[in-house]
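Using the hints, position chain B against chain A.
So the sequences go chain by chain: A and B. The first sequence begins at -9 in my numbering and counts up one residue at a time. The second sequence begins at 62 in my numbering and counts up one residue at a time.
Read the hints as simulated data drawn from the structure, not as lab findings. No residue lacks a Cβ here, since even glycine has one placed at the ideal position from N, Cα and C. Accuracy of the hints is not assured; some may be wrong.
Now the in silico label distances, taken between C-beta atoms and shown as ranges [claimed, not checked]:
#1 Thr179/B / Leu228/A: 47 to 55 Å
#2 Asp74/B / Val193/A: 39 to 47 Å
#3 Arg134/B / Ile172/A: 34 to 42 Å
#4 Ala(-8)/A / Arg120/B: 22 to 30 Å
#5 Arg124/B / Pro210/A: 57 to 65 Å
#6 Leu20/A / Lys184/B: 23 to 31 Å
#7 Leu20/A / Arg120/B: 49 to 57 Å
#8 Gly188/B / Tyr37/A: 50 to 58 Å
#9 Ala(-8)/A / Asn113/B: 20 to 28 Å
#10 Arg124/B / Ile172/A: 37 to 45 Å
#11 Gly186/A / Lys184/B: 48 to 56 Å
#12 Ile172/A / Gly88/B: 49 to 57 Å
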Amino acid sequence: MAVAAQVLRSEWTKVRSVRSTVWTLGVAVLVTVGLGALISKLAGDDYDKLSVREKFTFDPTFISFAGMGLGQLALIVFGVLVIANEYSTGMIRTSLAAVPQRGVFLFSKITVATLLALVIGMATSFLTFFLGQAMLGDHRAYLGDPGVLRAVIGGGLYMALITMFSMGVAAMLRSPMLSLGILMPFFFLISNILQGVSATRKVAHYLPDKAGQKVMQVIPGTDETPYGPWGGLGIMVLWVVAALLGGYAVLKRRDA
Amino acid sequence: MIELEGLTKRYGDKLAVDGLTCTVRPGMVTGFLGPNGAGKSTTMRMMLDLDNPTSGTVRIDGRHYRQLHNPLRTVGALLDAKAIHGGRSAYNHLLCLAQSNGIDAVRVREVLDVVGLTPVARKRAKGFSLGMGQRLGIAAALLGDPQILMFDEPVNGLDPEGIHWIRNLMKSLAAQGRTVFVSSHLMSEMALTAEHLIVIGQGRLLADTSMSEFIAQNSRSFVRMRSPEGERLRDVLSGAGITAVPAADGALEVHGEDAEHLGELAARHRITLHELSPQRASLEEAFMRLTAGAVEYHAHPNHQARPPEAGWGADWQKKGS
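Bound-form chain B, shown alone:
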């Protein structure tokens, strides 16, 4: 179990992590989600005592990381697959880590086998592909057979086979009762592996919820309707007691009604429709809305279908136009 309490990191006048309080529980994969630059890596570095928090604390099974005896036996982490000396062989890289934590050298061969690097164990890590480097980083995380595992963007740069392998590995580790904490900036990736979600944006906690709850709240279906007689359509809908929310492009979005019923209603009032389409908000959209800005999120918690006005992705759109 990992407990964060008021964790804060300030670089100059920029708050990278802002009063983060949450708990990562054992027996499941917890997804740590946020756009690039949200403070995920900084948070993970503070968990491992690599960076000093400006304020707040991290406790690993009730203790500070520095107080852990042979920490690799408690926490295994893959922060950056490139955080290795390229001149050292995979075997020696793992051996020096094992020795520093009193782990038997036999275990080095075991984890090399688990990640499938045995054939290149004596090769220098310099020549490894990104995927192989990632596997070596995972081997290092597994070395001490720890109860807590942390992976920072583990699927980055992996081929489909490698991604599949990592997903299954994380699930099986969680199924063994371990705490698995994995960061990503891709909601779709998390939807496939994580049972619990911690979402941050601009260093602040935006959501701490189970994945099923997040899906139930955010993937609500609605119907898009477009008509040259938008005003009349709206009146008809409200006359029938149906609330329609105008979308950015002039269309209307209707929640909680099926398309057949809406189509028949429009036909009865002889309203021309250019579009009548059932929609399902994707988790990715829900995530983007959530991270579009903490202020906006708090101000309009019920406008589920509102597109983001600014925030993640808005910058390049501006630059592009």
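Here chain A stands alone, though its shape is the one from the complex:
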């Protein structure tokens, strides 16, 4: 365990000593909060124009998280760079010569980056909620309303999980360009397209982002998902576990 404590310290030094950490996490916060506030403002202004049915499913909490779809891309970049930059720079050989226990190495790296993403994610989630609700004016939700606190905490967890998922994928692919080239279009386009087309909507329910985002919904909405908020987050956790196990298997087996 002493080794793990040393390696955790070392990985913290690594993550705090590169600029990409600051700008990726910074962009994630700014985009999520900024876009969330903007969309909340617009949604609040347009509330009166909504149909009765739309008013019935109006979810002020979920609306304030509208920036997360874009903000999560910056977290994906953060997660990918934490892992894959070791490979692209060649640092991995220096790192593994210092820590030949590859399991400890990967565990420490992922732990440090996840904790950081969790702290930033939680702060972002609460910030975007409060700012969004302020923008919504009369149509706002309160933290004490049923399910709202769960949604806001879930938003922070979601941001940490999406970071973990991208770290697992990057550990499998070992290249920043390849990892981003797959993850970015997947989460920005493909997942949304699959959800938008009725034929593939059932599949989209089980994608990591779509399942995970369920936790941020307070008002269930019209599309019937076969799971609840925590069930959705659970599906996302399964994806994360699979990605991390795959990443570990690759690191364990392959030459550095």
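Chain B only, in chain A's frame:
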């Protein structure tokens, strides 16, 4: 001490390292010599457990690298000076390595001082020259004050001052009783620093010998003789009990006789000489002969002066002509 036993690495159907068995001992600089692509770097990566051997083992002081507790305190290695994250400062690069092995941060400043990078310690490594990167890699190797040091082509890209510095550093580390293992593809470089030589070619062990022995065996002097009457000269020489070996260009090479004696012998028989020159086979030539192909080496172990017919360098010569 590093012990290699039957170390083998196969990539597809190509054997990069082929049953390498040898021991690297403490208290001296051991040169690891071979042409480019001989398998030196692959061997060194397997020593550090970065690459998995297809078969065979490496033991560091009797243990597998993975079993070492805080390995940087036992083995320091410079494999590739570019194996750093360019966005990180020299200080932070060394700090994260130190922390992972429970080494005090004070030591980071010490090694930065040793390699002369203190003035740029807070600068990002991205802007470093090749020489500065090499120094940072050496600082990382020295970080844990290890008893075993490995350097892969450490003089590559260094200026003369840097090369001089590295040579002295390696010698002083060995003089302190440490094991110093350094790879190179330049015999001349090894002749200046190494006391022991391990030579590989095409992944196979070609020689494992002390440097003085290698020099004694390989830098034998001979005399080159060229004459328009080559056949007669040969007869005269053999009549005097002297063996002459024909060189590739038609000249004769005579071992173990001095030039004066040979010149007088030719004059007595009125043989015209176009050349009579004492030669000394360079270590570089000896190395090239040794690595020209393992098969050839085993077949003609005594033909010291035979030029390589094929092997290292032969490819570009063919392309050039």
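Now the hints, each set against the structure:
1. At roughly 50 Å, the beta-carbon separation of Thr179/B and Leu228/A lies within the given 47 to 55 Å, and the hint holds.
2. Taking the beta carbon of each, Asp74/B and Val193/A are about 42 Å apart, inside 39 to 47 Å as hinted.
3. Look at Arg134/B against Ile172/A: about 40 Å separates their beta carbons, and that is inside 34 to 42 Å.
4. Checked against the hint of 22 to 30 Å, the C-beta distance between Ala(-8)/A and Arg120/B comes to roughly 24 Å, which is consistent with it.
5. A hinted range of 57 to 65 Å for the beta carbons of Arg124/B and Pro210/A is consistent with their spacing of about 60 Å.
6. As the Cβ distance of Leu20/A to Lys184/B is approximately 29 Å, the hint placing it in 23 to 31 Å holds.
7. In this structure the hint that Leu20/A and Arg120/B lie 49 to 57 Å apart at CB holds, the actual value being about 53 Å.
8. At about 54 Å, the CB distance of Gly188/B to Tyr37/A agrees with the hint of 50 to 58 Å.
9. Evaluation of the 20 to 28 Å hint for Ala(-8)/A and Asn113/B yields a pass: the beta carbon distance comes to about 26 Å.
10. Against the hinted window of 37 to 45 Å, the Cβ-Cβ separation of Arg124/B and Ile172/A comes to about 40 Å, which satisfies the hint.
11. Taken as a hint, the range 48 to 56 Å holds for the pair Gly186/A and Lys184/B, whose Cβ atoms sit roughly 49 Å apart.
12. A C-beta distance of roughly 52 Å is found between Ile172/A and Gly88/B, which places it inside the suggested range of 49 to 57 Å.
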